[in-house]
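Going down the list, the sequences are from chains G and Z.
Counting along the first sequence from 1, when you hit position 682 you're at 689 in our numbering, and nothing is skipped either side.
Counting along the second sequence from 1, when you hit position 308 you're at 571 in our numbering, and nothing is skipped either side.
Simulated from the structure, these hints should not be mistaken for lab results.
Values in this document were obtained by computation on a predicted structure and should not be read as measured data.
If a hint is listed, it holds; no wrong ones were tucked in.
Quick list of simulated restraints, FRET-style, between CB atoms: (1) Glu504(Z) / Asp20(G): 38 to 46 Å; (2) Asp20(G) / His469(Z): 42 to 50 Å; (3) Gly659(G) / Thr506(Z): 34 to 42 Å.
Where is the CB? At the ideal position from N, CA and C, for every residue including glycine.
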Amino acid sequence: MNLSRKWLNEFVDLSLNEYDDKAFAEAMTISGSKVEVTEDLSQNIHNVKVGRIVALEKHPNSDHMLVCQIDIGESEPVQICTGAWNVHVGDLVPAALHNSLLPGGVKITKGKLRGVPSNGMLCSLKELNVTTHDFPYAEIKAAAILGDYHPIDPAKPSISADIQAGDKIFGKVVAAQVTALETVSYGQYKLRLNTGAAAVETRTDCQNIHVGDLLAYDTGKDHVCTLDDLRAEQREFPHCIPDGIFIINEDCKPGDDVAVLLGMDDHVVEFEITPNRPDCLCMIGLAREAAVTFGKELKLHEPVVKATAGGNIADMVKIVVEEPELCPRYTARMVKNVKIAPSPAWMRERIRNAGMRPINNVVDITNYVMLEYGQPMHAFDFSCVNNQEIHVRLAKEGETIQTLDGNERKLSPSMLCICDTDKPVGVAGVMGGANSEIEGDTAMVLFESANFNGTSIRRTATALGMRTDASSRYEKGLDVQNTYKAVERACELIELLGCGEVVEGVIDVVPKALQETTLKLEPEKINALLGTDIDEATMRRILLELGFTLDGDIIHVPSWRGDVEHYSDIAEEVARFYGYNEIPTCFAGGNTTSGGFTPVQQCERQIGQTCRSLGMDEIITYSFISPSYYDKIRMPADSPLRDSLRILNPLGEDTSIMRTTVLPSMLEILSRNYNYRNRSAALYEIGKIYLKRPDGMADEPKIVSLGAYGPEMNFFRLKGWVEALLNDLDVGKLTFEAEPANPSYHPGRCARVYAGGTEIGVLGQIHPEVAKNYGVDAELYCAELRFEAMFALKGGIPVYVPLPKFPSVTRDIAVVCDSDIPVGKLSDCILANGGQYLKGCDIFDVYTGHHIAQGKKSVAFSLTMRSDDQTLTDDHAEETVKAVLAALERDFGAVMR
Amino acid sequence: MKQQMQALRASSIQTILDCDNAERLEALRVKYLGKKGELTGILRQMGGLSAEERPAMGQLANQLRSDIEAAIEKRKGELSSAMMEQKLKSEALDVTLPGEPVHLGHKHPMYNVLDQIKDIFVGMGFEIVDGPEVELAEYNFTKLNIDEGHPSRDWTDTFYFSEDGKILLRTQTSPMQVHAMEQKSLPIRMIAPGRVYRKDEVDATHSPMFHQIEGMVIDKGITMADLKATLNLVVEKIYGEGTVTRFRPHHFPFTEPSCEMDIQCHKCGGKGCPTCKGEGWIEVLGAGMVHPKVLSGCGIDPDVYSGWAFGMGLERLAMGEYKINDLRLIFENDIRFLEQF
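Chain Z extracted, bound-state conformation:
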């Protein structure tokens, strides 16, 4: 009996380890360990053994069973990982093939820039206001200290809806200063972006419709130092930290003192190059202290309150940001253009 078991051990373990198929391995398990299997067959002879021999033989048989089982498990594991390996191999992909296209829409490049500016000002406690484009001359000009004879009121420059020149398309976002001062409670911190209209023929740098961003602060104790500090911060956020600025005197009827703000040309560092037309500086916006006449015209006492305002052209800003060389592209809306941004 012992010899039988030794023979079974010798034949079974090796056969199991050589098996290369999960089904055959199962058949081997039945063959060796099943109810009618070889080991069971050997154990049936136990009845003929003496009481002394029986435990030793039993132990030997158990040992053999567990060794065969271990061999089967081991082989099973080996076979299954081989199979997995094969499966994975057969499932391998060419990962350089393109992904399934998902078409996302694009924000208009100019509104990309506008949203960036809105976020900057909102972060500084400003609100955003919107107002009419069909406007009264009263708001577009008169209340902004632009007198009756001013050239910008000419019919060659401004679009009018009424013969008496009282209703027009706003030529600037500055009437929003007046609306804000008349309607809002103080203090005011606002920007007002929007469409404006001037009688310019379309070319690479002109359009009869374009966009401006107006900004205004009215409070007690507002000074030109505050104007400079705020606009410097805004410009640094748009053009990057460390952007060098300068302020030049200028003239706007509704601010006094008035200024224009330049940034040092980022391309040449101020030496002068084609980007800055040799000047070393690039003009970015016009600003100034709200004219006391404008304040009192809107019912605000200039002896108590003061404020500053600025205006900037959005198209030029976007064109500078994205190096767009022709304004017409902005309003042409060719998707090959739009989808670049």
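Next comes chain G alone, as it looks inside the complex:
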């Protein structure tokens, strides 16, 4: 919402001298109306003055430029050259003088144009950042000046180069020379022409004509020809364009500031209004907030309508609200004998400074009322309403409407429409129909000022993809009581602008009784919530200023404050104007709570810490993936993990299902780093997977996901990480089993890890096919560990074990066995059969090749033996080794090498 400070002054005395933009913005923001930006419009334009052309001559060194002497209200005129032809002696023009600034940051300085000094620039509308919507009278029309004729094909000119006054061009069109020119009124000229045979007088509204010019004159129609009349293209008359200097037709004099003329002597404040305060999307709403914020009086105006036209609206139109839930109120008035014209400058200026475009008087009035009262309005050309009936109903299947923006819209049966007996003439609260548009010939206007259900309007606007100034207000839920005042104001403005006669009577359809909210004023409860000691009188003052009424301790909530329905809302109103920053800061006594991290959270932190000390970086990946990612990791077609929660309205395929495995997320990040040519990477994430439950919700277990690649990466490094992680948590004895069947992993380099019989997860090298699917031609290593299992098995507080008092003895043994026997089985066997003194068994060599038979391998172990109550003798050690070797031979046929 853009607020003009100049317009605001009509409601609250808040001059810029008293409160500059910064002070105004600060105070409004603190009281709850957040200011986004403030803009001093006059900063965009500087030293551009109204000038009167007192003399005009052709430029000595140019065939198209003019040299003007401009009276700018000083003793001497200034000389400015221009290339535009629509200027005449006596015209008022915007003159950008030496060292001036134009919108868009353009700086103008004096200089020479083809040797002739020019002390500035005359400006077009565009150079002033306005359009003919802002100044509709400044439309420019150009005659075809024969001296500017440039044939498309020089060999075959349509008009000969030496054409003279009186020469025939075609039909009754002859060449004529201008011998005298007089400005009759704005944009209207009287010409004396030499047509060769005679001297004639004629009138024209073409603005680019000067004495001496040779024109095409239609002797039959008594008409000066334009390019269209000659069926000429623009490039044949390059300087006869419908553009030029803005000839000012306003109440002003030479020397006046053009910024003021354009309404740019204003400051605009842009507010961010929260959705609960649609009442602040207008001048009056913001003025009320400003008045309370600054302790000023709010000056409101009651519209008065004279209604001078005959008849009564009740006899002229029938209005039927078929959907009372969606249209709680429909208020209408009629205007006859409408004269469509531009609206006055002050209205255009306010509309423009609020960020909208002026159109014509009737349309501008509807927009002006919306900006002033916050009530969107619509004006129908009543002649286009069949059978003089308005029906507020839902669209029928297959109905369409062409909206004012020219687009054909397909309507659906959930959309509320304004219709006549046959067809929709507008989409309720969104946009009117082209079939009932206000145009130049509109004579009878029906003003609609209605209240619609916000949600319904929002859904319609969204479905049609057209959020308008009206719909964005309606969607927040507007004040039902505002429709009447707004339509009255519109009719008052019709009379003020003299653009029509208002018909007696108002049609006001209110299908349901309107409810008023009342609350009890409970100062002690408010203070208890805020932690303040605000006296009741202050509370009452704030509420009254905001438009609440008080009846004893009963608060009557004003109709525009639909957001206030509870004592806590009253507390906020009081707090806003008492000042949030005046509320003390004070810790509540209350009961203390111990707080702290839960065991689960501590375990997560511990795992993260270990991962980092192992050299892995933490990553954060999206919870949603593409279903095609399951193919990428070669998940079997019948895997239950493919049954993911599916987002019905995803942003795209890539983020359309909730992951049931973290593997694709990790692989994506590994491959991204690989593609970025990072030499190696080691990553971890403690992330959730989402497993569908029968009730449609999800179990969301956490997975510890590890991933790595790089020259130093191999299976055993990964396994070492997993062992370190699990041993750090003291989950108990780990066992690893080969897992050849997981299709995402290398069949010979994948293991399942168990702790005390519970499966913790899987680890290994990613299957080369999967790596290829991710565009990686290197070995990728991943592990997926179930956090819940890790946490469940996490060891308790360690109990001290006394340190050994007696030295240990080591013996190395090497055995030869079949090469397919897992070494893990051998060491399990050794530990199981070594007897009481065997304390440890480390594998230090696995060897195949020379000296070892085909299909066999040699495995070397280092056995550590110790007793807790004596120094071991060689005999003890030999006994242990003997028992171990016997067991290895018995169980695996492994013999000492």
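Use these hints to put chain Z onto chain G, whose structure you have.
Here is chain Z on its own, set in the frame of chain G:
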């Protein structure tokens, strides 16, 4: 004999002091003091001396022995420290050569900031709670006083799993307020950080998945003054002591009164600069008093208990802390990015 000893003294002491090698020094010791050494040789003549001469000569011999021994010890010490010096010299390193690399992993920058915030709240007696991301509309919206027609419920804004719109991806961590109030005994002091989801296309400031931190206190006698005091303290811990704050009225359906909290721009001190977009203030979080409707909807009597809640965006906080200018970096997980923190 006396002369012999004097001659031995003269030759031996100087020879010892000139010796430049530990082995030769040992040989000298044997030569002078050994069983067959020169001093022993001289002493063998003692038998030919008279009983009167013997003690004086003996004393002289002992003196000579101990002087030679002292000279040897002295020289030995000198030689050994020279050797040590030489050894150390030969072992000297170029200490400017790099250390052996140890690669430590890095915590994700956003979780660095999150952990910092968790620690702050835990220190104030808060607990940390975690909850479902696949959530019921009932918890994400209805129980938070967000009515059926509210725009945030639109299918253009929220991800849904069921056609009836009952199951969705939570759009905020605020449903954790409801879970906490329903499940926990009073009083409650909690924060609930986590992932949230909204239908925003990815760009430099948006992501369909991002993180929020919810916080809530419910107890008897909790006021807006307590909200301000607590959040001021938290902000001082995050942004440094003396950070200036302000509270502005705002709107959230589930708090009333509601506010947003700004900190004065640390870069320009409130004058207005590009960091604060000229406003002088930077918005840090939204907060408010838990709406009485929300309290009673969760079975808590608003006439007895009151509370406050806040919510803040983690990404923006981390981006501000580390001057990260593009949100996409957070989820891209390029190790060249991760290892900067």
